[in-house]
Amino acid sequence: MWTFLDPAGKSGRERVLASLLESYEERTGIHVQVEVQQWDTMTQQFLAADVSSSAPDIMWLALDQVATAVEQGALADLSTLAFGDLPDEQLADLRDVYWDSMEHEDGSVYGVVHSRNYFGILYRADLLAAAGADPAEIFTWDDLETTAGQLRAPSAGRWGLAQAFATSFADPQILAARIMELQGSMFTADGAPQWSTPPGVDALGFQSAFITDAHVTSQDSVRLTAEDLYELFSAGQASMINGASSRVAEMQEQVGAENVGFLHYPSQTGDSPSPGNLAGWSVGVWAGSEKAEQAADFVAHLSSPEADELWLLEGQQPPLYSSTAAVNSDFLAEPENSFLTTVLEGTREFGWLPPLTAATVGWREALNGAVQKVLLGQSTAADAMEAAELEFGGGRR
Amino acid sequence: MTEATLRPSSARSSGASGSAVAPRRQRRDLFGLLYIAPVMLVLLVVLILPALFAVVYSLLELKSVRPVGFAGLENYREVFSNPAIAAVLVRTLVFAVITVALTLAVALAVAVFLDRLTARRATLVQILVILPWVISTIVGALLFRWFFVTDISPGVYLLSQLGIEAKPLTDPTLSMISLILVAMWRTLGFAVLLLIAGLKAVPGEFYEAATVDGASGWQQFRLITLPMIKTSLTITTVVLTMSNLNNVEAPLVTTGGGPGEATQILPLTIYQQAFTHFDFAGGAALAAVALVLNVGLVFAYLRLAKWSV
Amino acid sequence: MTVRTADPRPRGADARTLRIVLLGCAALVMLVNVAPVLWGVATSVKPAEEIFTFPPTLLGGFTTEHYAQVLDGSFVRNLMNSLAYAMTATAVAVAIGAFAAYAFDRFRFPCRQMLFGVIVACVPLSMGAAVLVIPNYLYFATLGLLDTPVILPLLYLGYNLPMAVWILKGAMEGIPVELDEAATIDGASRLRTFASVILPLCRPSMAAASLFVFIGAWNEFVAGSVMVNSSEYRPVQVAVYQFISAFGRQWGPLTASAALALLPVLILVTLFGRHLVAGMMRGAVKG
Chain P
1 MWTFLDPAGK
11 SGRERVLASL
21 LESYEERTGI
31 HVQVEVQQWD
41 TMTQQFLAAD
51 VSSSAPDIMW
61 LALDQVATAV
71 EQGALADLST
81 LAFGDLPDEQ
91 LADLRDVYWD
101 SMEHEDGSVY
111 GVVHSRNYFG
121 ILYRADLLAA
131 AGADPAEIFT
141 WDDLETTAGQ
151 LRAPSAGRWG
161 LAQAFATSFA
171 DPQILAARIM
181 ELQGSMFTAD
191 GAPQWSTPPG
201 VDALGFQSAF
211 ITDAHVTSQD
221 SVRLTAEDLY
231 ELFSAGQASM
241 INGASSRVAE
251 MQEQVGAENV
261 GFLHYPSQTG
271 DSPSPGNLAG
281 WSVGVWAGSE
291 KAEQAADFVA
301 HLSSPEADEL
311 WLLEGQQPPL
321 YSSTAAVNSD
331 FLAEPENSFL
341 TTVLEGTREF
351 GWLPPLTAAT
361 VGWREALNGA
371 VQKVLLGQST
381 AADAMEAAEL
391 EFGGGRR
Chain U
1001 MTEATLRPSS
1011 ARSSGASGSA
1021 VAPRRQRRDL
1031 FGLLYIAPVM
1041 LVLLVVLILP
1051 ALFAVVYSLL
1061 ELKSVRPVGF
1071 AGLENYREVF
1081 SNPAIAAVLV
1091 RTLVFAVITV
1101 ALTLAVALAV
1111 AVFLDRLTAR
1121 RATLVQILVI
1131 LPWVISTIVG
1141 ALLFRWFFVT
1151 DISPGVYLLS
1161 QLGIEAKPLT
1171 DPTLSMISLI
1181 LVAMWRTLGF
1191 AVLLLIAGLK
1201 AVPGEFYEAA
1211 TVDGASGWQQ
1221 FRLITLPMIK
1231 TSLTITTVVL
1241 TMSNLNNVEA
1251 PLVTTGGGPG
1261 EATQILPLTI
1271 YQQAFTHFDF
1281 AGGAALAAVA
1291 LVLNVGLVFA
1301 YLRLAKWSV
Chain C
2001 MTVRTADPRP
2011 RGADARTLRI
2021 VLLGCAALVM
2031 LVNVAPVLWG
2041 VATSVKPAEE
2051 IFTFPPTLLG
2061 GFTTEHYAQV
2071 LDGSFVRNLM
2081 NSLAYAMTAT
2091 AVAVAIGAFA
2101 AYAFDRFRFP
2111 CRQMLFGVIV
2121 ACVPLSMGAA
2131 VLVIPNYLYF
2141 ATLGLLDTPV
2151 ILPLLYLGYN
2161 LPMAVWILKG
2171 AMEGIPVELD
2181 EAATIDGASR
2191 LRTFASVILP
2201 LCRPSMAAAS
2211 LFVFIGAWNE
2221 FVAGSVMVNS
2231 SEYRPVQVAV
2241 YQFISAFGRQ
2251 WGPLTASAAL
2261 ALLPVLILVT
2271 LFGRHLVAGM
2281 MRGAVKG
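Residue numbers (my numbering), protein chains in the order written: chain P, 1 to 397; chain U, 1001 to 1309; chain C, 2001 to 2287.
No lab work stands behind these hints: they were computed from the structure.
Computed from a predicted model, the values in this text were never measured in an experiment.
Wrong hints could be hidden among the right ones.
Said to hold, decoys possible - If you want a taste of the chain P side facing chain U, the calculated C-beta under 8 Å gives, among others:
1. Gln72
2. Thr225
3. Asp228
4. Glu231
5. Gln237
6. Gly362
Beta carbons are placed, not taken as given, at the ideal position from N, Cα and C, and that holds for glycine.
Just need the whole structure built from these sequences, with the hints factored in.
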């Protein structure tokens, strides 16, 4: 199995993986060999390994890269393997927006989504408190801007709301949430971008206004990577950042659990949050595997209700089954786990997924490129969106 | 063509060594082929065949990575229809020329300085100078960024204490300058090493004679040093050019090609074409073009410099 | 007469300006070279909670936890891998490289010029390997070499061989042919001449070539990260880079492992650094 989690590692997720490997070996006598890979290049490597018939039996793929692998024919249909045998009850419990999006029209499924992730706003509770701001009062974009304005401390080099538009290590942005809010979609069902539309162009203007008009985000955002943001956040140089729920646990460890909070994206009216991007890692089976049935069985083991509870309790991972969440509501109610509740709300109600049955890889980079062009004054919002669609389309052949 | 470029060594004046080496006995025998066979075999398997394969691969029709047919020049047409590519090529050229020229200039200054130190001191200084070269590019670029560029880095902090707001990567021009500096930092040590070796080979008498004749330091440098280290300069130039035209890690780690397209240079574009956009066909076509350009450049340069075997 | 005095060259005010410029240049270069490395080492002994403090602090807590974490995993194994890969590549490169250099310099055989041209053309090929990583992967997969202990030493050998041959050939050019002839007259075979006359004389160049190959092999990253997948065969640079994980850049272990990875080359350069210049002097610079 190729994954980015190291079973010998110390983090919660990694320890859970180690214990699941162990329990699987105890139950079946089968040892699953884990080869820890570079997380940002392992999909590409998997695609090449598929062609040269040297891929691992089990593979973890970033969600927006799954469709490319399916198109190439690199993944096996789980519904014809172990997942076809699961009790209906369990499958129903598992069925959510992720499962639905992963399922092709003919009922085939090429992966189970683990390490789920939801994008929103991370904030430093301590810095907000010091500035007299209350995160619970942030409902509208205006609220967000006002709070970010209060938090800005130019003398200390601190920014209210840090964002990162570099095209390496690119995360989904407020821009995406805003397009979703205004337009209800980012892509057509077959993965064509819908960005140079009036709402899309409008959203790009809205996104850049954080820097150009409200001055709550630094112009430096044109070069910052998502990784840089977490470091700035940890160093107290950014009071709020656009970020991923999956990084909350690490941030808690670095600056104290009580100092890190996670919010949905606000919205125009404040009635309900804007759609945050849902992401994750799809765990699937290589189409060329000689032990496909066994491999799928292990994926089922990783995704069993018992495993799900472990991932939640020990690894602070959003649960896959709705029943797991229901049973462990006490755990989810604890302050340091409250971000998981936000993620679950996102999964159930507010979040959005790109189409997972059509290739969308590179959309985050393309959109970040558009933001950069506008901020550097090299292009109008409309032209930038058109160029982004072109760049994105070019890469999807 | 190669014959013309690489003149027979007997015709070469072996300048740097000072004294003329007697014409080497040129035995006409096939034993030599046996001697070079292992090297040629390794190069064939590790470098030449993969390069040929890469060219063939760029002509295939790909579904992601998997070949599904023959595409002819379709991949090339597709990737070069993108107007941004021309800009990338020009930018790459500008980057390479400036970086190589500056690196050569600074390396020469440092080498001349080192050449005049006593042996013991020179060894120590030399180690400090070549330090970034002995660090891997990836770690070196990370450390460089961690010290000079990251917003919470001591470099940025020290400059801000001096009242200088240094966020170089935010501005397109400064970002390119930063990339050039990183590239220089990375290769300077190696360039110094090659050049100082050339300098050491210049016989001291030449300078003594020139001093007696009343030549100034600059004159000596221009009339004696430069011509005498010409070969060493040629090789340094080739290695520096190739190293900068092919480096993915430094731009990837430091600027990521931004802001905008400011530091988007060819090797990074090729890498991103495949690894970010999953356009493996376009990446393959670009890589093949880069390959041919590289080899062509080396020969063109050696020819210009009248370098011979 | 040929012995150089400490400073026989420029004289007068002109020289003083030149000296100051050179000194300034060298000092700046050294500062810029050394500071990031020292800061990296400083980071590697900082407690995790102090790494991201701003303004940056130099003096604070001291910890070896990052080193302990690094040494706890497969890092030592990966370090040993690289040591083996680099040593193998170095030994083979210098051995077969010396033969080839000898032949190119002393023998007259068909296609000599063209074949040396091939070696020169391999310099850009070796440096351009990073952008060819996907076709390379497929190519070596068909040879069945992926994820084996053979692939990386083989690649590192190939990548650094052209330069090694170049350096060694230059060195042999500097050795007068009369020495070979004298040996031949004494009845030595050519192989004998090569082993007993030529090789001992180009020892410094062999040291330089060795160091060059070793450093090249030790620092390679792209092939190392793609061509092998199991940690059993992973080279050290990839092991360092793994501390840039999906959980963020773990600067503590990252700098600690980078420092450990730097140690062997630093030792080598300190011990053999002077050969580097001496060897190159007889080698590459003469083309």
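So, going through the hints one by one against the coordinates:
1. Gln72: Holds, about 4 Å.
2. Thr225: Hint holds; threonine 225(P) Cβ to chain U Cβ min 7 Å, cut 8 Å.
3. Asp228: Nearest chain U Cβ about 7 Å off; hint holds.
4. Glu231: Since the shortest Cβ distance to chain U is 7 Å, the answer is holds.
5. Gln237: holds, 6 Å
6. Gly362: holds, 5 Å
Consistency with the previously given hints is maintained throughout, with no hint failing.
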